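In order, the protein sequences belong to chains A and B. In my numbering, each residue's number is its place in the first sequence (first place is 1) plus 518. In my numbering, each residue's number is its place in the second sequence (first place is 1) plus 1278.
Note that these hints are calculated values from the structure, not bench results. These numbers come from a predicted model, not from an experiment. Treat the hints with care, since some could be wrong.
[To be verified] Quick list of in silico lysine to aspartate or glutamate cross-link-like pairs, EDC-like style, CA-CA up to 20 Å:
#, chain 1, residue 1, chain 2, residue 2
1, B, 1637, B, 1521
2, A, 672, A, 577
3, B, 1626, A, 531
4, A, 677, B, 1453
5, A, 648, A, 627
6, B, 1488, B, 1521
7, B, 1332, B, 1610
8, B, 1558, B, 1497
9, B, 1629, A, 656
10, B, 1629, B, 1617
11, B, 1430, B, 1517
12, B, 1626, B, 1534
13, B, 1558, B, 1610
14, A, 523, B, 1506
15, A, 653, B, 1341
16, B, 1332, A, 577
17, A, 667, A, 612
18, A, 677, B, 1455
19, A, 544, A, 577
20, A, 566, A, 656
21, A, 523, B, 1610
22, B, 1280, B, 1370
23, B, 1626, A, 637
24, B, 1385, B, 1623
25, A, 523, B, 1455
26, B, 1332, A, 627
27, B, 1380, B, 1406
28, B, 1498, B, 1406
29, B, 1385, B, 1406
30, A, 672, A, 639
31, B, 1498, B, 1565
32, B, 1558, B, 1617
33, A, 677, A, 643
34, A, 523, B, 1341
35, B, 1280, B, 1379
36, A, 544, A, 668
37, A, 672, A, 637
38, B, 1332, A, 656
39, B, 1332, A, 531
40, B, 1605, B, 1557
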Amino acid sequence: MTLIKTGVPSRNELMTVTPSRERLEKGPVVIVECFQEIPCNPCETACKQGAIVVPNMNDIPRVDHELCNGCSLCISKCPGLAVFVVDETYSSSEALVKIPYELLPLPQEGDTVTALDREGEAIGEARVLKVQDRKQQDRTAVISLAVAKDFSMKVRNIKTRG
Amino acid sequence: MKKREIAVIGGGPAGLMAALYASRMGAAVTLLERHYNPGGQLVKQTHKFFGSQKQYAATRGIDIPQNLLKEIEQQEVEILLDTNVLGYYPDDGVIGYEKDEKFHTLKPDRLIVATGATENVLPFTNNDLPGIYGAGAVQTLMNEYGIVPGKKALMVGAGNIGLIISYQLMQAGVEVEGIIVRGPIIRGYGVHAAKVRRMGVPINTCCTVKSAHGSTCLEKVTTINLTENRETIPGTEREIHVDLLCIATGLSPLTELLWQAGCQMEYVAELGGHVSLRDKNMRTSQESIFVAGDASGIEEASMAMVEGMLAGLCAAKDLGYDDGRFKELYNDAIMQLSELRSGSDSEKVRKGLKECTLKEVTS
């Protein structure tokens, strides 16, 4: 089952956008979960490192994970909210996952929230490390989460508590 | 009777761009818009747009009209709001419109029809119960007037509109029980689908509404599954308790004025219904009439904006106006359109356009 059948990218689809193990072990890196040729390129415009290239506006973004420094400027620019940053070097047991978030109220730094996977299923807990909501993000907040290391490629949303 | 060089009917993304570029070339333009607030559907699009910088990508739709109006203010464009165009009289080339409860007439040298689209309806038992809305109405209530349209919703349709409005309903605090779609695949962008899926909303393909139930307003919807050939499968009925049913089953071009004007029309399924034949400059079979945006075929707002730009430029050029940049802007618009439509996602539109594009009638 693939994205156009279920709305959830398949394992094979995800493999095409996942950085190498070596790259993940070096620190924060972008994951662009964009699998269709649609006319869109703000991710390329946002990237100061030249790590994301969209040669023709309809191409699927080509990501050079080696050039990406994990700066995260692209997260709030993607109209499809399909860009995430993962840092597996955050601590020995936890990874850091940055997600775009547009629901109010925003979570607060220090909150414990429910971590959700790509199907919206609760898969564990996440600690909110940082909430960035600057003017240039235009109301797409970027939430930094600490999650169990095994979940760095699974957690893509949160549910706030209370 | 009022005379004007160019009249633009409709103040949405296509109409605003048409008025902007025609006036930039130097033409005197009147824009007629039926709403009190210009922008068409943009005024309720709270999400960030796709496309590239030229089409305001990554800008929220609600912020685009203000950007365009600021630029229009620097030109001589007359904007008539709360104005309903009632008809076109082809013998005299005259538009009849209502403003302040009075009937007026206007005779433009060139007319640009940017009237947008209308929503497709879905026939099922009790489809007139309060609580059953078209997608546009849900967005108008929520995003224009700040009114929550219900507590629990079921969405019908998984094109971009159905997916985006499901997301916006959740932003407004409405529970979305699910999205159902008749066909076997999700037609909207995968990124929009992924966004609502990770919020826990199921998307059921091959499923439609059988009937709605409720005494004074919607209380329950019965759905039924379909085969890939769209035949109902008895015994697959499911009852879903919701007070809001949102119908997002597609759009059809709004073309009454083009019919009245005697433009040659053609049914093109890929573009959403009957559309006028046009050349690549958006001129219809009637030499003085141009078309742009969803009225010329259903596409995304980014395409509508560039079509409006193209129609505005060419209508002004017809009347001899060129501020020196016509050629550059014209080539840019043609290139933007071909770029926007070059992806596999636009295959249907490309096929549709082949059926209704006339050989160039402009010099």
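Cross-check of the supplied hints:
A distance of roughly 51 Å separates the Cα atoms of residue 1637/B and residue 1521/B; the hinted pair therefore is violated under the 20 Å criterion. With a C-alpha separation of about 25 Å, the suggested pairing of residue 672/A with residue 577/A is violated against the 20 Å cut-off. For the suggested pair residue 1626/B and residue 531/A, the alpha carbons sit about 24 Å apart, so the restraint of at most 20 Å is broken. With a C-alpha separation of about 14 Å, the suggested pair residue 677/A and residue 1453/B falls inside the 20 Å cut-off, and the hint holds.
Distance check on the hinted pair: residue 648/A and residue 627/A sit about 5 Å apart at the alpha-carbon level, within 20 Å; holds. Restraint check for residue 1488/B and residue 1521/B: satisfied, since their Cα atoms lie roughly 16 Å apart, inside the 20 Å limit. Restraint check for residue 1332/B and residue 1610/B: the C-alpha separation of about 10 Å stays at or below 20 Å, so the hint holds. Between the alpha carbons of residue 1558/B and residue 1497/B the distance comes to roughly 49 Å, so the proposed pair goes past 20 Å and is violated.
Annotation: proposed proximity of residue 1629/B to residue 656/A is violated, straight-line Cα distance about 37 Å (limit 20 Å). With a CA separation close to 15 Å, the supplied pair residue 1629/B and residue 1617/B stays within the 20 Å bound. Restraint check for residue 1430/B and residue 1517/B: satisfied, since their Cα atoms lie roughly 14 Å apart, inside the 20 Å limit. A threshold of 20 Å between alpha carbons decides the hint, and for residue 1626/B with residue 1534/B the separation of about 24 Å lies outside it, so the pair is violated.
Note on residue 1558/B and residue 1610/B: the hinted pairing holds, with a Cα-Cα distance of about 13 Å set against a maximum of 20 Å. Taking the CA atoms of residue 523/A and residue 1506/B, the gap is near 13 Å; set against the 20 Å cutoff, the hint holds. Annotation: proposed proximity of residue 653/A to residue 1341/B holds, straight-line Cα distance about 14 Å (limit 20 Å). With a C-alpha separation of about 17 Å, the suggested pair residue 1332/B and residue 577/A falls inside the 20 Å cut-off, and the hint holds.
Simply put, residue 667/A and residue 612/A have alpha-carbon atoms about 4 Å apart, close enough for the 20 Å limit, and the pair holds. A threshold of 20 Å between alpha carbons decides the hint, and for residue 677/A with residue 1455/B the separation of about 17 Å falls inside it, so the pair holds. For the hint linking residue 544/A to residue 577/A, the alpha-carbon distance of about 28 Å lies beyond 20 Å, and the restraint is violated. About 19 Å separates the Cα atoms of residue 566/A and residue 656/A, which keeps this hinted pair within 20 Å; it holds.
For the suggested pair residue 523/A and residue 1610/B, the alpha carbons sit about 37 Å apart, so the restraint of at most 20 Å is broken. Among the hinted pairs, residue 1280/B with residue 1370/B is consistent with the structure: their alpha-carbon atoms are about 13 Å apart, no more than 20 Å. Annotation: proposed proximity of residue 1626/B to residue 637/A is violated, straight-line Cα distance about 30 Å (limit 20 Å). Our distance criterion of 20 Å between C-alpha atoms is broken by residue 1385/B and residue 1623/B, whose separation comes to about 40 Å.
Distance restraint check for residue 523/A and residue 1455/B: the Cα-Cα separation of roughly 18 Å lies within the 20 Å cut-off, and the hinted pair is therefore satisfied. For the suggested pair residue 1332/B and residue 627/A, the alpha carbons sit about 37 Å apart, so the restraint of at most 20 Å is broken. Of the pairs offered as hints, the one joining residue 1380/B and residue 1406/B is violated, with about 32 Å between alpha carbons and a cut-off of 20 Å exceeded. Using a Cα cut-off of 20 Å, the hinted pair residue 1498/B and residue 1406/B holds, with the two alpha carbons roughly 13 Å apart.
This hinted pair does not check out: residue 1385/B and residue 1406/B have alpha carbons roughly 40 Å apart, beyond 20 Å. Under the criterion of a C-alpha separation no larger than 20 Å, the hint pairing residue 672/A with residue 639/A is consistent with the structure, at around 10 Å. A threshold of 20 Å between alpha carbons decides the hint, and for residue 1498/B with residue 1565/B the separation of about 52 Å lies outside it, so the pair is violated. Distance hint between residue 1558/B and residue 1617/B is fulfilled; the C-alpha atoms sit about 15 Å from each other, no more than 20 Å.
For the given pair, residue 677/A sits about 10 Å from residue 643/A by alpha-carbon distance, which is consistent with the 20 Å threshold. About 33 Å separates the Cα atoms of residue 523/A and residue 1341/B, which puts this hinted pair outside 20 Å; it is violated. As the CA atoms of residue 1280/B and residue 1379/B are separated by approximately 17 Å, the hinted pair is consistent with the 20 Å bound. Using a Cα cut-off of 20 Å, the hinted pair residue 544/A and residue 668/A holds, with the two alpha carbons roughly 16 Å apart.
At most 20 Å may separate the alpha-carbon atoms for a hinted pair to count; residue 672/A and residue 637/A meet this at roughly 10 Å. Taking the CA atoms of residue 1332/B and residue 656/A, the gap is near 18 Å; set against the 20 Å cutoff, the hint holds. Restraint check for residue 1332/B and residue 531/A: the C-alpha separation of about 30 Å exceeds 20 Å, so the hint is violated. Annotation: proposed proximity of residue 1605/B to residue 1557/B holds, straight-line Cα distance about 17 Å (limit 20 Å).
Checked against the numbered hints above, the structure violates hints 1, 2, 3, 8, 9, 12, 19, 21, 23, 24, 26, 27, 29, 31, 34 and 39; every other hint is satisfied.
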